[in-house]
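Here full-length UniProt numbering is used: the first residue of the sequence shown is 1, the next is one more, and so on.
Among the hints, erroneous ones may be present.
When the alpha-carbon atoms are kept at most 25 Å apart in a straight line, the in silico DMTMM-like pairs for lysine to aspartate or glutamate are as follows [to be verified]:
1) Lys138 - Glu235
2) Lys257 - Asp236
3) Lys138 - Glu195
4) Lys257 - Glu142
5) Lys162 - Glu235
6) Lys138 - Asp165
7) Lys162 - Glu174
Each pair of labels, with its calculated beta carbon distance range [to be verified]:
8) Ser126 - Glu170: 18 to 26 Å
9) Ala132 - Gly220: 21 to 29 Å
10) Thr152 - Ala23: 21 to 29 Å
11) Arg203 - Pro94: 23 to 31 Å
Keep in mind the hints are simulated off the structure, nothing from the lab. All C-beta atoms in this analysis are idealised placements derived from N, C-alpha and C, irrespective of residue type, glycine included.
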Amino acid sequence: MGLTARIRTRDGWAVSHAVVTVADMTGAQALRAEADAEGAVRDATPLEPGAYTVIVTAVGYAPAASSVIVTASGRAEVGTVTLARQGGTELPPPGPWTVDPVHSSVAAVAQHLGISSVHGRFTEFSGSIEIAPDDVTKSRVEAVIRAASIDTGNGMRDGHLKSPDFLDVERFPEITYRSTGLTATGSDRWTVHGELGMHGVVRPVDLDLAYLGTGPDPWGGTRAAFRATTELHREDFAMNYNQVLQAGIAAIGTTLKVELDIQAVQGESLPAV
Numbered sequence: 001m002g003l004t005a006r007i008r009t010r011d012g013w014a015v016s017h018a019v020v021t022v023a024d025m026t027g028a029q030a031l032r033a034e035a036d037a038e039g040a041v042r043d044a045t046p047l048e049p050g051a052y053t054v055i056v057t058a059v060g061y062a063p064a065a066s067s068v069i070v071t072a073s074g075r076a077e078v079g080t081v082t083l084a085r086q087g088g089t090e091l092p093p094p095g096p097w098t099v100d101p102v103h104s105s106v107a108a109v110a111q112h113l114g115i116s117s118v119h120g121r122f123t124e125f126s127g128s129i130e131i132a133p134d135d136v137t138k139s140r141v142e143a144v145i146r147a148a149s150i151d152t153g154n155g156m157r158d159g160h161l162k163s164p165d166f167l168d169v170e171r172f173p174e175i176t177y178r179s180t181g182l183t184a185t186g187s188d189r190w191t192v193h194g195e196l197g198m199h200g201v202v203r204p205v206d207l208d209l210a211y212l213g214t215g216p217d218p219w220g221g222t223r224a225a226f227r228a229t230t231e232l233h234r235e236d237f238a239m240n241y242n243q244v245l246q247a248g249i250a251a252i253g254t255t256l257k258v259e260l261d262i263q264a265v266q267g268e269s270l271p272a273v
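I would like the entire structure built from these sequences, with the hints used as guidance.
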């Protein structure tokens with residue numbers, strides 16, 4: 001096998017139309033191959049031992065280049081190449097943006113019985129983003145989640161999560177988040193500082209935010225994509241219920257991993273489609 005590689009977006013999706021070009025140190029093309037539907041590149045053409053430059057291109061993405069050393073085996077194992085969307089290091093246009101809940105997700109994962117995970121999501125939420133025109137760190141984010149929209153795929157478990165043991169949705173129907181500032185951690189990554197209100201408790205919570213790019217949508221609008229993650233501890237929000245099983249193993253872990261995949265539409269409201 002001469003060349004192997006995996007081409008992915010920053011949010012983990014395969015780039016099926018990527019093209020990988022391998023050039024020797026003189027700049028001459030030694031090999032060119034296209035990724036398959038799974039973003040995998042496999043080409044059996046053997047390469048002469050030596051140093052090469054690998055360039056990965058795809059429509060809509062910024063090109064990526066790296067170096068690889070081919071040994072006497074004639075193989076070039078590039079590994080996983082991550083492509084950023086074209087303009088990924090450019091900020092979204094300033095002004096208001098509205099979160100599109102149909103094309104976004106608010107999910108959480110908790111450990112179960114110490115050996116597996118329970119995945120849940122909230123199905124009803126709204127949010128707004130204000131991109132500051134001069135200093136992006138002055139941008140703002142606000143979101144409201146309907147606590148009773150929790151869905152883990154099990155009606156009995158969902159009912160328990162809505163009860164006073166956990167979210168207590170009758171007394172606290174909304175989960176809120178309001179940003180208080182941003183700190184840049186890279187050209188397209190930030191830490192969002194903010195306050196999370198849940199179960200009658202407000203605590204500071206930081207989000208690790210990645211900007212995935214901006215592009216047109218089929219309805220004449222402009223959309224921006226973001227991915228954010230954080231970890232929460234139930235006891236910080238006065239949700240202390242647990243059932244301890246044999247050997248001291250808790251039925252439900254106290255740490256929640258939160259994953260947000262957000263698509264926002266430019267403007268103060270969603271388009272009527």
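Hint by hint, here is what the structure shows:
1. For the hint linking Lys138 to Glu235, the alpha-carbon distance of about 31 Å lies beyond 25 Å, and the restraint is violated.
2. Our distance criterion of 25 Å between C-alpha atoms is met by Lys257 and Asp236, whose separation comes to about 14 Å.
3. At most 25 Å may separate the alpha-carbon atoms for a hinted pair to count; Lys138 and Glu195 meet this at roughly 16 Å.
4. The hinted pair formed by Lys257 and Glu142 meets the criterion: a straight-line CA distance of about 20 Å does not exceed 25 Å.
5. Between the alpha carbons of Lys162 and Glu235 the distance comes to roughly 16 Å, so the proposed pair stays at or under 25 Å and holds.
6. Note on Lys138 and Asp165: the hinted pairing is violated, with a Cα-Cα distance of about 37 Å set against a maximum of 25 Å.
7. Distance restraint check for Lys162 and Glu174: the Cα-Cα separation of roughly 12 Å lies within the 25 Å cut-off, and the hinted pair is therefore satisfied.
8. A C-beta distance of roughly 21 Å is found between Ser126 and Glu170, which places it inside the suggested range of 18 to 26 Å.
9. For Ala132 paired with Gly220, a C-beta distance near 25 Å keeps the hint of 21 to 29 Å intact.
10. Remark: the range hint 21 to 29 Å for Thr152 to Ala23 is contradicted by a beta-carbon distance near 50 Å.
11. As the Cβ distance of Arg203 to Pro94 is approximately 30 Å, the hint placing it in 23 to 31 Å holds.
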